[in-house]
Every structure is written in C-alpha cells, then in structure tokens.
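All chains should be modelled from the sequences, with the hints used to inform the complete structure.
Protein chains: 2
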Amino acid sequence: MPHGVDAVHAIAAMDFVEIDEWCARIRAGDTRAVSRAITAIEDHDAAAEPLLERLFSSTGHAYVIGVTGAPGTGKSTLVDRLAADYRAAGKAVGIIAVDPTSPYTGGAILGDRIRMQAHATDSGIFIRSMATRGCLGGLARATSDVALVLDAAGKQIVLIETVGVGQDEIDIVRLADCTLVLVVPGMGDDVQSMKAGLMEVADIFVINKADYEGADRLEQQLAAMLQLVPEADATSRPPVVRTTASTGAGMEALVSAIEELRARDKASGKHRVRTIEHWKERLTDLLEEQIAQRALHGSKGQSLLDTLAGEVADRKKGPYTAVHELLARVGI
Amino acid sequence: MPHGVDAVHAIAAMDFVEIDEWCARIRAGDTRAVSRAITAIEDHDAAAEPLLERLFSSTGHAYVIGVTGAPGTGKSTLVDRLAADYRAAGKAVGIIAVDPTSPYTGGAILGDRIRMQAHATDSGIFIRSMATRGCLGGLARATSDVALVLDAAGKQIVLIETVGVGQDEIDIVRLADCTLVLVVPGMGDDVQSMKAGLMEVADIFVINKADYEGADRLEQQLAAMLQLVPEADATSRPPVVRTTASTGAGMEALVSAIEELRARDKASGKHRVRTIEHWKERLTDLLEEQIAQRALHGSKGQSLLDTLAGEVADRKKGPYTAVHELLARVGI
Numbered sequence: 061m062p063h064g065v066d067a068v069h070a071i072a073a074m075d076f077v078e079i080d081e082w083c084a085r086i087r088a089g090d091t092r093a094v095s096r097a098i099t100a101i102e103d104h105d106a107a108a109e110p111l112l113e114r115l116f117s118s119t120g121h122a123y124v125i126g127v128t129g130a131p132g133t134g135k136s137t138l139v140d141r142l143a144a145d146y147r148a149a150g151k152a153v154g155i156i157a158v159d160p161t162s163p164y165t166g167g168a169i170l171g172d173r174i175r176m177q178a179h180a181t182d183s184g185i186f187i188r189s190m191a192t193r194g195c196l197g198g199l200a201r202a203t204s205d206v207a208l209v210l211d212a213a214g215k216q217i218v219l220i221e222t223v224g225v226g227q228d229e230i231d232i233v234r235l236a237d238c239t240l241v242l243v244v245p246g247m248g249d250d251v252q253s254m255k256a257g258l259m260e261v262a263d264i265f266v267i268n269k270a271d272y273e274g275a276d277r278l279e280q281q282l283a284a285m286l287q288l289v290p291e292a293d294a295t296s297r298p299p300v301v302r303t304t305a306s307t308g309a310g311m312e313a314l315v316s317a318i319e320e321l322r323a324r325d326k327a328s329g330k331h332r333v334r335t336i337e338h339w340k341e342r343l344t345d346l347l348e349e350q351i352a353q354r355a356l357h358g359s360k361g362q363s364l365l366d367t368l369a370g371e372v373a374d375r376k377k378g379p380y381t382a383v384h385e386l387l388a389r390v391g392i
Numbered sequence: 061m062p063h064g065v066d067a068v069h070a071i072a073a074m075d076f077v078e079i080d081e082w083c084a085r086i087r088a089g090d091t092r093a094v095s096r097a098i099t100a101i102e103d104h105d106a107a108a109e110p111l112l113e114r115l116f117s118s119t120g121h122a123y124v125i126g127v128t129g130a131p132g133t134g135k136s137t138l139v140d141r142l143a144a145d146y147r148a149a150g151k152a153v154g155i156i157a158v159d160p161t162s163p164y165t166g167g168a169i170l171g172d173r174i175r176m177q178a179h180a181t182d183s184g185i186f187i188r189s190m191a192t193r194g195c196l197g198g199l200a201r202a203t204s205d206v207a208l209v210l211d212a213a214g215k216q217i218v219l220i221e222t223v224g225v226g227q228d229e230i231d232i233v234r235l236a237d238c239t240l241v242l243v244v245p246g247m248g249d250d251v252q253s254m255k256a257g258l259m260e261v262a263d264i265f266v267i268n269k270a271d272y273e274g275a276d277r278l279e280q281q282l283a284a285m286l287q288l289v290p291e292a293d294a295t296s297r298p299p300v301v302r303t304t305a306s307t308g309a310g311m312e313a314l315v316s317a318i319e320e321l322r323a324r325d326k327a328s329g330k331h332r333v334r335t336i337e338h339w340k341e342r343l344t345d346l347l348e349e350q351i352a353q354r355a356l357h358g359s360k361g362q363s364l365l366d367t368l369a370g371e372v373a374d375r376k377k378g379p380y381t382a383v384h385e386l387l388a389r390v391g392i
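Chains as they are written, first to last, in my numbering: chain A, 61 to 392; chain G, 61 to 392.
By construction, these hints were calculated from the structure, which means they are not laboratory data. Bear in mind the structure is a predicted one, so any value in this text is a computation, not a measurement.
Pairs involving identical chains hold if they fit within one copy or between any two copies, as the list cannot separate such chains.
Within a straight-line C-alpha distance of at most 20 angstroms, the following computed DMTMM-like cross-link-like pairs (lysine to aspartate or glutamate) qualify:
id, residue 1, residue 2
1, 151, 140
2, 340, 374
3, 330, 366
4, 340, 366
5, 330, 319
6, 360, 341
Spelled out as structure tokens, the structure:
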C-alpha cells in the first residue's frame with residue numbers, strides 16, 4: 061500500500077472525529093478553526109494533508125486576487141480598501157499578506173495587527189500574514205493551501221498581497237485568478253526598469269497614488285509598453301486603472317475592471333485553462349515530493365542516501381549513477 | 061530500461077567523439093570549451109547531463125568561496141582583489157557572478173564586461189556572470205553545476221558572488237565550502253536588521269570599507285551578536301575581518317582567515333560533513349526531477365496530467381487522489 065495513503069489512514073483512524081468536526085467548523089467559517097488549519101499548513105503538520113483533501117470538495121468558489129508591487133506602492137492600503145468595497149457588496153473576504161522576511165519589509169507583522177484591529181468588528185473579513193519559513197518555493201505552495209482553506213470557509217474573495225521583488229513573489233501571485241500589479245508615479249522605477257516577470261503576470265495595472273506628479277507620464281509609458289506586446293486579441297491587453305487608495309478615488313473603477321475581467325475569463329474559458337494549468341503545476345510538485353518521500357523513507361532510505369552522498373562526495377560515483385540507485389529502491 | 065539512462069546512451073551514441081573531445085578540452089582548461097559547457101547548463105541543453113557526469117571524476121579539487129552581502133557592500137571589488145591575490149599565489153581562479161535580475165542589481169552585465177577586460181591578459185582567471193532564467197531554485201542548481209565545470213577545468217579557487225537579498229541567494233552561497241558575508245559601516249543596516257538566514261551561512265564576516273566611520277561600532281555589534289550564538293566550540297565562531305578592498309588593506313588577513321578555516325574544516329572532518337550534506341540535497345532534487353520526468357513522460361503522461369488537472373479543477377477528485385494515479389503510472 062502506498063505510504064502516503066497509509067499515513068492518511070493512520071491519521072484518519074486516530075483523529076477521525078476530530079478532523080471531521082474541524083472540517084465542519086471551517087466550512088461554517090469558524091475563525092479559530094480556520095486559524096488552526098493555517099498554522100497546521102505553515103508548520104507542515106501531518107494533519108494538514110488529510111484536512112485539505114477533505115475540505116477540497118467544498119472549494120472552487122472563491123475568486124483569488126493577487127496584489128503585488130514594489131515596496132511603497134501602497135499595497136496594504138489598496139487591499140484594505142478592496143476588502144471593504146467587497147464587504148459593502150455583501151461578499152465574505154479573506155486576506156493573506158505574504159511577508160518574505162527581508163530588510164525591505166520590516167514591520168509587516170505590526171502593521172498586520174493594526175489592520176486586524178481595524179476590521180475586528182467585521183466577522184466577514186479574515187486577515188492572516190504569512191512569513192517565510194524555510195524555502196520560498198514552499199511559501200508559494202503554503203499560500204495556495206491557505207487560499208483553499210479560506211475558500212472552504214466560504215470566503216468569496218481571497219486577496220493575496222505580496223511585495224514584488226523576486227521570482228518567489230511572482231510564483232505566489234501566479235496562483236491567483238487575477239493579478240494586480242501596482243506602480244506609482246515618480247518612484248524612479250520607470251517602466252523600463254520593471255522586472256520583466258512582474259509585467260508578464262499582470263492582468264490589470266494599477267497606477268496607485270495617481271494624485272502624485274508624473275501619473276500621466278507613467279500611464280503613457282505603460283501604454284507604450286503594452287503596445288509592444290503581441291496579442292492575438294487586443295482586448296486581452298491588461299487594462300490600466302488609476303487609483304488613490306488612501307482616499308478611495310478610483311476604487312469603483314478598479315472593482316469594475318476586476319469584475320469585467322472575471323466575467324470575460326469565465327465566458328472565454330480562459331479561467332478554466334488557467335485553473336487547469338495551476339493544478340498541473342501543483343500535481344507535478346506533489347508528485348515529486350511524494351516519490352522522494354518514499355524513496356528516502358525510513359532509516360534504510362536515509363542511510364542509502366547518506367552512503368550515496370558520501371560516494372559522490374568522494375567521486376566514487378557520479379550524481380546520476382547515484383540517483384539511479386535511489387530510483388531502483390522505489391522499483392523504477 | 062530507465063528513461064534517464066536511455067537518454068544518456070542516445071546522446072552518447074550520437075555525440076560520443078564530440079563529448080569526449082569536449083571533456084578533454086575542458087579538462088585542459090580551454091576557455092571556449094568551458095564557456096560552451098556553461099551555456100549548455102544555462103540553456104538546460106540535453107548535452108549538459110552526460111557532460112557533467114563524465115567530467116565528475118575530475119572534480120572535487122576546487123575550493124569554492126561564496127561572497128554575499130547587501131547591494132553596495134563592495135562584493136565585486138573584494139572578489140576581484142581576492143582573485144588577484146590567489147593568482148599571485150599561483151592558483152587558477154574562476155569567478156561566477158550570479159545576478160538575479162532585479163531592480164537592485166541593474167548594470168551587472170556591463171560591469172562584468174569591464175571586469176573581464178581587466179583580467180583579459182591573464183588566462184588563469186575565468187569570469188562568468190549568470191542571470192536569472194526561470195525559477196531561482198534552478199539558478200542555485202545551475203551555479204553548482206557551473207562550479208563543477210570550473211573545478212574540472214582545473215580552477216583551484218572558485219569564487220561565487222551574489223547579492224544577499226533573498227532566500228534564493230542564500231541557497232546559492234550554501235553550496236560553497238566557505239561563505240563570506242560582507243557588511244559595511246553606516247549603511248543603516250545595523251546587525252539587528254540583517255536577514256537571519258544570511259547570518260547563519262556566514263563562515264567569515266568581512267567588514268568592508270573599514271575606513272568608513274562606524275567600523276568600530278559595527279565590529280562591536282557583530283561581536284555581541286556572535287556571543288549570543290551557542291556553540292559547542294567557541295573557536296568555530298565566525299571570525300570578523302576588516303578590509304578596504306578598494307585599496308587592498310586587510311586582504312592578506314582575509315586570505316589567511318580563509319586558509320585557516322579551510323585547514324581547520326579539513327582536519328576536523330567538517331568539510332567532509334558539509335560536502336556530504338550538499339550532495340544529499342542535490343541527489344534528492346535530482347531524484348524528484350527524474351521521477352517526475354518519467355511519470356509525466358510522453359504524450360500519454362501529459363494527457364493523463366491534463367485529465368487529472370481538469371478533474372481536480374472541477375473538484376471531481378482531490379489533489380492527493382490524483383497524485384496517487386500518477387504514482388501508479390510509474391508502478392509505485
């Protein structure tokens with residue numbers, strides 16, 4: 061019997077009632093049950109897998125919006141404003157603030173607490189910040205799993221906020237149904253110097269702090285750049301929306317642009333294509349992880365890995381020869 | 061027969077003479093052959109795997125030194141100076157400048173060209189800059205493979221230079237035998253705000269631009285921080301060396317600190333432990349990649365993945381159930 065299923069069964073037998081009740085409470089939107097699930101995901105707790113698998117049939121209803129941009133572009137303010145607007149329209153909202161620990165994002169946890177207090181009286185908004193633990197590739201996956209939990213908990217809109225400085229952050233927003241890339245006038249980050257990968261993930265460009273000098277020039281630069289992108293269908297070029305999130309100016313137009321994109325992607329089948337692409341990547345990652353776990357499972361697996369690594373370190377074997385010996389252990 | 065070995069045999073049969081000659085030229089230190097190998101690694105060329113496997117027995121002689129620090133700490137100047145000092149001592153030197161494309165590292169390619177010209181008359185120094193292609197996890201692996209090629213080409217010292225802003229860069233320097241973390245006085249980056257992961261990888265701290273005001277205070281801060289690190293053996297605490305790379309001041313002490321560390325790690329067996337840890341990680345990565353390639357190999361594998369991703373997207377199946385079907389395809 062496959063090891064993974066084994067583990068699921070063992071946990072299921074042990075905690076059957078508890079996991080069932082936990083799922084029921086998450087589906088009912090219980091904040092403490094949701095928080096506990098997120099902690100389990102962050103801590104790589106063994107309960108996270110069976111929990112997610114059971115919650116899975118209740119997911120697929122939330123619309124996930126990624127919000128990214130350089131430090132200082134006003135992401136938190138815009139995300140809070142978007143959340144309030146969706147709440148006013150009667151939608152349940154979840155916010156995931158991803159905070160890769162770096163000198164550039166210090167103070168995010170404090171800010172998060174202040175934001176939670178601002179929304180504390182509204183049970184329709186759930187905010188959670190996630191920090192880097194171990195590798196960032198793992199953070200993208202954890203963020204995706206947390207989005208599933210919020211989805212199962214009945215959040216109709218899930219906002220993922222992350223600072224757009226590296227490939228990791230791009231991987232995080234790539235899991236969204238719609239990605240907003242924030243730019244601000246006069247930050248010295250002309251469109252030419254923008255990270256290419258960041259431009260490519262943008263479904264909607266938001267010129268925030270649009271009351272600052274240079275907004276017209278920035279919009280012209282963006283338009284010129286977007287002209288260069290070859291598109292079969294010119295209507296699929298990302299729209300550019302101007303906002304001043306601190307005052308709320310332009311927010312209505314932004315929500316309209318998001319909803320228009322959502323309707324169009326659904327009608328054209330693009331949303332489905334994107335969702336399937338997302339799951340192809342996730343399944344490939346899971347597959348790699350599961351097989352490696354089995355090949356390296358137990359003390360025999362670990363001691364084989366130790367021995368082979370030693371032989372490679374001593375140049376008695378090449379790395380590919382060593383990998384074939386590990387493959388033989390799982391019978392392929 | 062395993063697919064991976066198949067592919068190796070196919071290439072070997074086709075290009076047997078060519079790859080043999082290519083390896084021979086790399087071992088002889090031919091710069092063009094080395095450059096071509098690095099390009100093959102960067103481009104994920106099918107020839108890279110069999111080439112590396114054949115070169116592997118000629119590797120394990122180079123000492124790999126990672127150099128990292130925030131932008132503006134003088135990494136390139138220090139690396140150039142170290143390279144010149146090792147050259148003066150008769151060692152062949154390779155430099156890999158890793159340049160994650162980001163707003164913070166613009167202009168690196170131009171700088172690299174200028175640096176290459178400075179060393180152009182010295183065939184004992186090889187410089188290559190590597191930029192982000194695809195995911196950065198892949199960049200750490202590619203950097204490691206390039207270090208192997210330079211090792212096989214007879215470089216006795218390989219310097220890897222990367223800007224220390226993210227987890228990716230930490231992964232890159234973790235493959236080194238010895239990692240220097242550069243800090244400079246008065247940059248506002250007090251030791252308290254330094255990225256924790258960066259502190260942990262440091263084998264030697266270098267206070268560069270030590271002629272700037274605040275060097276004493278910075279050294280006191282570092283010493284205070286290092287006191288907090290619990291160590292079984294206080295002698296294994298990272299030493300702190302002051303340099304002014306632009307004038308060469310302190311470089312002799314830095315080279316001594318590196319050579320002392322190298323001798324101590326070799327004598328204590330720490331170097332071997334570290335090398336084996338490195339290969340355990342590399343083998344696990346390779347294993348994951350090889351199995352996923354097989355499970356998803358060919359049009360049948362791809363169409364199974366498409367079908368399963370569609371079923372998951374439609375919530376007909378959970379992700380773990382889908383992964384078990386993929387596992388069944390490779391017979392486990």
